[in-house]
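S.K.: In order, the protein sequences belong to chains D and R. Those letters in the first sequence? Residues 69 to 820, by our numbering. Those letters in the second sequence? Residues 249 to 398, by our numbering.
Source of the hints: derived by calculation from the structure; they are not laboratory data. In this text the structure is predicted, and so the values were computed from the model without any measurement. For every residue, glycine included, the Cβ atom is placed at its ideal position computed from N, Cα and C. Mixed in with the good hints there might be a few duds.
Sample of chain R residues facing chain D (criterion: CB under 7 Å; computed from the structure) [claimed, not checked]: (1) K260; (2) P267; (3) V282; (4) Q335; (5) A344; (6) N364; (7) P365; (8) N377.
What follows is the residue order along each chain.
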Amino acid sequence: MTTVKLSYGRRSFLKTTALAGGGFMLGISWLAACKSGTKEAEAMLTMPKEWFDLTGFLKIGENGVVTIMSPNPEIGQNVKTSMPMIVAEELDCDWKNVIVEQAPLNTSIFTRQLAGGSESIKESWKALRTAGAAARQMLREAAAQAWQVPAEEITTAAGVLKHEKSGKSAGYGEMASAAAKIAVPKEVKMKDAKDFKIIGTPRKNVDGKKIVTGQPLFGLDYKREGMLIAMLVHPPAFGMKLKSVDSTAAKAMPGIVDIFNLNVYNQGYEKQWCDTEAFNEKIVVVGKSTWEVMQAKKALKLEWEPFPAYAENVQGWGGPQKVTIPGGLENTADHQKKMADLTAKPAQVLRKDGDPDAAFKSAAQVIERTYTAPFLAHNTMEPMNFFAHVTADKAELVGPIQTPEFVEKTLSARLGLPIEKIDIQMTRMGGGFGRRLYGHFVVEAAAISQKMNAPIKLVYTREDDMSAGVYRPAYHVTYRAALDANKNLIGFHIKGGGTSDSPIHANRFPAGAVDNYLAEEWRLDTNISTGAWRAPGSNFIAGAEQSFLDEVAEAAGKDPIEFRLALFEKAQKSPVGKDNDYDATRYAGVLKEIKEKSGWGNSQANVFRGVSAYFCHNSYVAQVVDMVVEGGKPIIQKVHCAVDCGILVNPIAATNLVEGGIVDGIGHALYSGMSFKDGTPEQTNFDKYRLIRHSEAPKAIDVHFVKSEVDPTGLGEPVNPPIIAALANAMYKATGKRVYNQPFAMGAAVLG
Amino acid sequence: MAIFNLNINGKKQQVDVDPTTPMLWVLRDHLDLVGTKYGCGVAQCGACTIHLGDVAMRSCQLPVSQVGEQPITTIEGLSEHGDHPVQKAWLEHDVAQCGYCQAGQIMNAAALLKSNPKPSDADIEGAMNGNICRCATYTRIKAAIKTAAG
């Protein structure tokens, strides 16, 4: 049992309010909470007549049904099930009696309502547990008063309060009304991990039934009486802006209500980090139906012109930054040449240990390899969209956004409304992958509604979505390793960068494990907008680093796992330098786990294996790819994966997320990329942008979670980066050729 | 604009729309059947899959004027209580991550099983290759189809 004092920053999120009768009714059964196939699964939960709010995180009905609010945006990482599970655990209720509701943005109750950095569970772990534990404590005190017994003697289990000595017991529902009037406890006791009954057990997606029956869940499904459809046209090329528009013909088309120019942000507005948008002036087409608006867009007569270079101030994560946006129409071939030139020159030194120059001069062997990767689009299956209804005194926004708290500030500035007049409701999202961190489309929807004085839903076509930017940057990195005459690794040098961004994390492995180490980075300015894409930076550098180490291990004549384990041993026993950004014991732990679980070393005829391990987003992951060659074609037979993400909250969802992350990583490494000609994206839909398909997925994936009592850490992102190298290393074993430039299977046909 | 009488999920429906309007937008904008999803609009992703008769079709490529009297089934009408074997298998395997593409995957899988009740792995891969899942739940989709096939 852990005792936690109830003080969370400056916010006091625990409030007690008794709600007046039945605020809402749910018309559907909630099957996902129950075991599939059981009688209970078919049963409908009966809604209570009255709800009693205990902490803002949950309310309990007089019949014992519990509603738990899921605070964070759901992008497919399954927090809408996993976060309420944590509350339910400490509340000690029966999961079968739980209903989950998506919370709106409400910073007075919830903290960090954001989907990003794989930190939803990590950052809210204590707050969610505290909320559940506080409510449980209030219920016990209510029972203690009713029964005139000490609260400490009252136990709970599965939503029932019990006092053993007197033989009294009551369901939570019976005490909910009284508990809502109890003062919030100053400190609460939380369970020991060994006593968890819900955390660590498989609980199915709370929206599962709605998903498989096609119920409205997503922003694009949202509808309001009198709602108009709005679409945008942005310049066809990065580096271009609007010169002229003739909308006469388009305006006369059926169903079209209005066509006008829109500035996404007002002149002089200082952007936040998440206001990234390459095209500030766009054409808006508003009409009665999606198809009619799509047709009118095509009838617009538009002229574009190049814009000159400019600079803007942006409030970045690390404070204000001046960002330079170059003019000109950029080409992929030029990016590659410029990046190679930057890597050939000295760059900004981020970290230097020992004497790398001397180590490389004295080396018996130097290995140098260069790795590259293209821009990537996020391609969430649900394109960008948002509902907005803005009136003179309030703004209602409904839709898919990963950063509601940030975009609320931007909206306030754009609309001229105070934050308290802005209401943001989050819908389930048809994918995030970082794209919906950048909320320009929310601002666009709101500004269009304000201008139209009507409820509108902004819809991006796939082409609008894929050509609008905020891409994963293109990257380029060169690694060098120095081996002495005894094949010991005595020097390591990494130098690289990317378009607008650098993927170099100077303090990550193998920093700390090599005596002479140098890390340098550069950045290439571009007018193609870039941003976070699932596991930013890591989604490239992990693949490069772990492919390179495979080659270095081979040159050193070592088994690739043993080679890495020896480096971790050095980092444990005699770490080099300071600020090494990893725990060498846990890092080695996942490698040892994968070695055992994959049967590494037991070679099978015609099975070619590659291994990789990486640490990012606070979790450790090791993977082994088993590849076979059939008819000259490499096929991924199996992927083995070991994960150390601390305490596992929901094994079935976590396993699903790991499987998806692996297939996603393989797909993008093999097939995907954005290229540009004269600033124009050469891929604007899935006919040219190649995503992995069913037949290309691994035939099997084995996922192993390292048992841990450490508080939970990230999962959505850390499984994605290392697979690039496990794949590349297996491809080398299967084909005899190393691959350095993503996508590895460039030229593979687009399927449809 | 023109009037079309449609047979959708066993119900007669009338819409007054431009004859070129794809069924995808007729369903979503005019009939409030939003389970059929927009993903690409060019028949590359399969999110908009419906049944025309027993055949899986990309509704983004099917103009309303070509439907005639052929019955249409959408995800909302696949089963009365959400208990089609494919839907049950999807829940059993907890397939969905974001869930956006799954209606299209389910409709395509249901059509596959109707024409081929015991598909091999290669049959499943071949039939499902046109349905993109950006969360990449492909291994679970395959397992669920096998469960549904019994």
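S.K.: Grab the minimum C-beta distance from N377 (chain R) to chain D and call the hint holds if it beats 7 Å, violated otherwise.
M.R.: 5 Å, holds
S.K.: Regarding the hint that V282 (chain R) lies at the interface with chain D, is the smallest CB-CB distance below 7 Å?
M.R.: Because about 4 Å separates V282 (chain R) from the closest Cβ in chain D, which is inside the 7 Å limit, the hint holds.
S.K.: Please verify that hint: P267 (chain R), Cβ, nearest Cβ of chain D, below 7 Å or not.
M.R.: It is violated, given that the least Cβ distance between P267 (chain R) and chain D is near 11 Å, above 7 Å.
S.K.: Is the interface hint for K260 (chain R) satisfied, with its Cβ closer than 7 Å to some Cβ of chain D?
M.R.: 20 Å, violated
S.K.: Would the hint on A344 (chain R) be counted as holding, given a Cβ-Cβ threshold of 7 Å to chain D?
M.R.: 5 Å, holds
S.K.: Close enough to count: is the Cβ of P365 (chain R) nearer than 7 Å to one in chain D?
M.R.: The hint is violated - P365 (chain R) has no Cβ within 7 Å of chain D, the shortest such distance being about 19 Å.
S.K.: With 7 Å as the cut and Cβ atoms as the points, is N364 (chain R) at the interface with chain D?
M.R.: 15 Å, violated
S.K.: Would the hint on Q335 (chain R) be counted as holding, given a Cβ-Cβ threshold of 7 Å to chain D?
M.R.: 4 Å, holds
In summary, the numbered hints that this structure violates are 1, 2, 6, 7.
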